[in-house]
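Chains as they are written, first to last, in the working numbering: chain A, 1 to 370; chain B, 1001 to 1261.
Rather than coming from a laboratory, the hints here were simulated on the basis of the structure.
Incorrect hints may appear among the rest.
[What the hints assert, rightly or not] Quick partial rundown of chain B residues pointing at chain A, CB under 10 Å, derived from the structure:
no., residue
1, ASP1073
2, SER1075
3, MET1099
4, GLN1163
5, GLN1164
[Said to hold, decoys possible] Derived coverage of chain B by chain A (criterion: at least 3 residues anywhere in the stretch with Cβ under 8 Å from a Cβ of chain A; other residues may be distant):
no., region
6, 1105 to 1119
7, 1226 to 1236
[Said to hold, decoys possible] Every beta carbon over 10 Å from chain B, so not counted as near; a handful from chain A, in silico:
no., residue
8, PHE189
9, GLY229
10, PHE258
We put the beta carbon where it would ideally sit given N, CA and C, even for glycine.
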Amino acid sequence: MGTFTAKPAFKSSDEPAIARRVTSRRVGRLRWVLLLLAGLLCAAFLVSLFVGSVSIPPQQVMTALFGGETTRASWATIVQDYRLPKALTALLAGAGLAVAGLLMQTLFRNPLADTYVLGIGSGASLGVALVVLTAGVGTTTLMGALGLAGDAAIIVAATLGAGAALAVVLLVARRVQSAPTLLIIGLMFGYMTSAVVSILAHFTIPNRLQAYTNWTQGTFGDVTWSQMGLFAAAILFGLGMSFISGKPLNALLMGEDFARTLGVNVRRARWVILIAAAILAGTATAFCGPIAFLGIAVPQICRALLRISDHRWLLPASALCGAALALAADVIAQAPGSQTILPLNAVMALFGAPIVIWVILQRSNLRSGI
Amino acid sequence: MNGEPVLSAKEFSIGYGQGKRVTVIAEQLDLSLNSGEVVCLLGPNGVGKSTLIRTLAGMQPPLAGQVTIGGDDISRLDRMTLAQRISVMLTDRTIPMMMTAREMVSLGRFPHTNWLNQFSQADHQAVENALNAVGAAGLADRLLSELSDGERQKVMIARSLAQQPLVLMMDEPTAFLDLPRRIEMMYLLKRVASETACAVLLSTHDLDLALRQADQVWLMWENGQLATGTAAELLESGAFNRAFGVLFDEFYQDNRYKIGA
């Protein structure tokens, strides 16, 4: 019969010193990765200002950014009123969607969960469809025509839609433990939503339908300066709510029962996380359309880069990486050098889908946690 | 220090449901756990061992009676204080992909740290001590997904120890381990209990190991019947025969075995 004797690997006087050394080496690496992501974000932000379907000399872009006179007046307008707000929108929406995806993956303990796959995007779409297709003024540019009151209505509608979808998914999730089942239910929920949207579309006028269709293709270019304040405030609020949830999120990695035994107020934590995800996904979806794949792909990339599951690192990393990738996708969608602009969601799917496939191939078993 | 009652339940009933749809599992139980002792909870499947553990741990309310830990009624303790006194290990085998053993053990400090989860020197020390206590210091920087079942279970015990509880409760901690690992686990728990003066309650199907190693046995069987005592006392009283419906005493009084010595 085997007797077990513990052999301490270190002499007890060395323990704290070694722990500190190991921890600090790891922290050093994590800081480097975060710095790298921040650097990539800055680079992507600058590229998106300097590159677009209209080619503008770099020094003229600089002049326009600092409020000077450009050789052609239209260049200043393009940089100040189109490229700069678009870049800011991509940055905020990318950060928001990536963090919302991270929250969902941890809460559902499912590596393929995000606000889009679980039907939260569909919920937001339904909310917006109800507002756009049944009310408001029929024009092709959605945000422009509805004005600030309209924006507020769309944000509220998208957030409520996202929240309702999330609540349904959560109710189902409490009964269904299997991750693939939950994803299929989310997918079905998406079909149901699009069915309702189709029915609404049947009874609306063509202009409103066109406005809704444009919205579903996704764009970062529709947020004007007058709307930026509201958009940024909502995203920053959602990010703030997420960032204060780092500690309970870490405990929730091992499941709700586990978190409860560690003293987490699970009910409250779950609500804070769900509301934060609904605000982030709802706002980003309302202003930019249902942007796919960022929510799934970015947290996966960050886990692989940082090799850590601690949310105090994953949350900022996901925000930085999501913002950088959203900017990069937008630059690609502008197809620099050509006159065409590709649909944003097409670009997202082209790059996002292979990452999701990679994630599935990495794990033989989807229940193995996140 | 060891042998003092840390957790006790008086005239205590367990079950679930509310209003008219209450299912009673067991009634009028008087139970206690002593510091430094290992108690094994035995019984056939489906008699409510998990419910008993969950209720004693304050994860679900008792139907009647109260549980006191360290002199306080657990229903009156706030979440964090309760988590500082009772650590629970559940059977969920799902583990995060990118979590190292040290990160898992560090989760045990959760009830002791502030909302930012900032670690003091004492917190770091508690984590290293817990890793050393289970002999997992060498695994500290490995990912949980790379560990064997036995190694992972040691890390999970270290997580519970890092919580520095008065009582450590475990629902079938040996379920997925092979025989040598199960033996190792029981020895480890015995040693850890006496060294840290922590009371250990574990449910198990491992009769043989429980009978040899447990300081006390709680034997639970259908209709909420529960007998407590040392293994020898329970064999003597015929409780095992009633619980499992086979001739346990004859089997264990065979000369090959010496039980409860």
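Please flag the earlier hints that this structure goes against, numbers listed from lowest up. 1, 2, 5, 7 and 10
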